[in-house]
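Just so you know, the sequences run in chain order E and R. For what it's worth, the numbering used here labels the leading residue of the first sequence as 2, then goes sequentially. For what it's worth, the numbering used here labels the leading residue of the second sequence as 2, then goes sequentially.
Hints listed in this document are in silico derivations from the structure and should not be mistaken for laboratory results. Keep in mind that a hint or two might mislead.
Pairs count within a copy or across copies, as identical chains cannot be separated in the list.
Dumping the calculated DSSO-like pairs for lysine-lysine here, alpha-carbon to alpha-carbon at most 27 Å [stated by the list, open to error]:
(1) Lys269 x Lys117
(2) Lys76 x Lys266
(3) Lys76 x Lys291
(4) Lys76 x Lys201
(5) Lys117 x Lys291
(6) Lys43 x Lys266
(7) Lys246 x Lys201
(8) Lys76 x Lys117
(9) Lys201 x Lys232
(10) Lys76 x Lys232
(11) Lys117 x Lys266
(12) Lys232 x Lys117
(13) Lys201 x Lys266
(14) Lys43 x Lys269
(15) Lys201 x Lys43
(16) Lys291 x Lys269
Protein chains: 2
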Amino acid sequence: MQVSPADSVIGFIGLGVMGKSMAGHILSAGYRLNVFNRTRSKADELVERGAVWHDSVGELARNSDVVITIVGYPKDVEELYLAADGIVAGCRSGSFLIDMTTSRPSLARRIHEAAKRRSAHSLDAPVSGGDIGARDGRLSIMVGGEEEDLQAVLPVLRTMGSNITLQGGPGAGQHTKLCNQIAIASTMIGLCEALSYAQKAGLSLDLVLQAMGAGAAQSSALNNLGPRILKGDFAPGFYVRHFIKDMNIAIEEASDMGLDPRGLKLAKQLYEELAREPGGEELGTQGLFKLFARELSRS
Amino acid sequence: MQVSPADSVIGFIGLGVMGKSMAGHILSAGYRLNVFNRTRSKADELVERGAVWHDSVGELARNSDVVITIVGYPKDVEELYLAADGIVAGCRSGSFLIDMTTSRPSLARRIHEAAKRRSAHSLDAPVSGGDIGARDGRLSIMVGGEEEDLQAVLPVLRTMGSNITLQGGPGAGQHTKLCNQIAIASTMIGLCEALSYAQKAGLSLDLVLQAMGAGAAQSSALNNLGPRILKGDFAPGFYVRHFIKDMNIAIEEASDMGLDPRGLKLAKQLYEELAREPGGEELGTQGLFKLFARELSRS
């Protein structure tokens, strides 16, 4: 059996840059939508479009067949799901709980166990594709959990993502997302170093992006964030502070497995330098270029 | 005026993985082709198809309207062009000399000056896109030199590349290619670290590549080299030893400009570790994964 707008109410928690677009797609697909967010005003637009506001996480869970969350940090996820008045305590028997936050694989497994004891189904389903992917409903969704649970909620995930892959059991979605962040971390260093070199060498950054984008240096980061860097647009599609959180989790997990990801550690160090600048944490990840540009102006 | 198969003879020096494909496209477009290569046997296939072998660089230059080179190292480029019996000494007045090797910007400027004194036109025009880009005639060609010289030789460059950009005066093509290599260097670290994490976490590398390729971690490296890594195919599209050469030039140039490219330096260090393994230098750049896999098996 699959969820459908006719018989399933969706609850959505976390209306940040990504979540707001994602919840909007669910509403557009005809689902009844319950919403909750720490900052209530971020729900206004969705409520105007017909979403129903709930004053607590527990209340939202009690009134939803599927609960979707995308928030900031693992501690937020843990509290949302596992607190006494949280999602697991409040959820309906047989309901589906989908955490789309990038979080710890071990936490995903704990939530899965807790949900099972309440006869609910849990999936970890973090996403990649940034603000543009979320806006266009073309996210890559990396799922950990049971195959039949994924099949059941696929219609609602399809409103948000164009590439949905079951990566394995509980936690495997999170592990895959960490792989994704590891790949991006060093790619961002390369992109920003390349553009700072180009600037220092007196090249046209536009022409350099064009040439790199047509060859082996092409990347999603180059295509999507390169032009923002050139325009001086450092607004967050994805926040520096959230990226640092992801890198911290990945480094811990990698270390636990006996790996020494030197590129990832360097990226974390550089992003932490950026985060120590005034306003640095609130930039988008392309803000790394500012760190390199600052070094440029010093030399 | 532009070169055309009717009135221009092309000379091609350097028939490695890339050069052989590129020279083949020129021949296919109907140009008469002179060839020279350090290892003569690599010219056999082209000679069978109608190319004319020359026993020396000088002789090839004396018999060509356009001379194209793509060899290994800056010292090879310097000798080819500036030796007493080299290309500049032998070239026809009004001829075009195009170096497509990734080499030093300062050497490109010296060749440009030397060519000018012989009334010849020189362009630096390194390429990106790897063995597949060369095979398909879809390279990104990054050109430094005079606009009118590029216009003159555009028909022959178009047989090899689909994206041809004039980046500035002599040396600007090389600077742009170094930007390209800087971006790739850290991207390769990210890709190999991500796949080694995936392997250690017990994920399906196929599914992880699929998920990453659909999101913000997508890159040309992931698309083209990821599948080769999964197949255990470490054959060179682009040699580790040539990549180290490029990174060395980029680090020197960046340092001269007062930059400290930490990602690039880490990449060079990792690739040098790989090069110290038996056969490591002769792998393709995706061989970096073997270094990470080796660390995996140790831990």
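Verification of the supplied hints:
no. : hint            : result
1   : Lys269 x Lys117 : neither (36 Å within a copy, 49 Å between copies)
2   : Lys76 x Lys266  : within (22 Å within a copy, 36 Å between copies)
3   : Lys76 x Lys291  : neither (30 Å within a copy, 36 Å between copies)
4   : Lys76 x Lys201  : between (42 Å within a copy, 25 Å between copies)
5   : Lys117 x Lys291 : neither (46 Å within a copy, 40 Å between copies)
6   : Lys43 x Lys266  : neither (34 Å within a copy, 44 Å between copies)
7   : Lys246 x Lys201 : between (31 Å within a copy, 21 Å between copies)
8   : Lys76 x Lys117  : within (21 Å within a copy, 67 Å between copies)
9   : Lys201 x Lys232 : within (17 Å within a copy, 40 Å between copies)
10  : Lys76 x Lys232  : neither (35 Å within a copy, 39 Å between copies)
11  : Lys117 x Lys266 : neither (36 Å within a copy, 48 Å between copies)
12  : Lys232 x Lys117 : neither (49 Å within a copy, 38 Å between copies)
13  : Lys201 x Lys266 : both (26 Å within a copy, 18 Å between copies)
14  : Lys43 x Lys269  : neither (30 Å within a copy, 46 Å between copies)
15  : Lys201 x Lys43  : neither (41 Å within a copy, 40 Å between copies)
16  : Lys291 x Lys269 : both (15 Å within a copy, 24 Å between copies)
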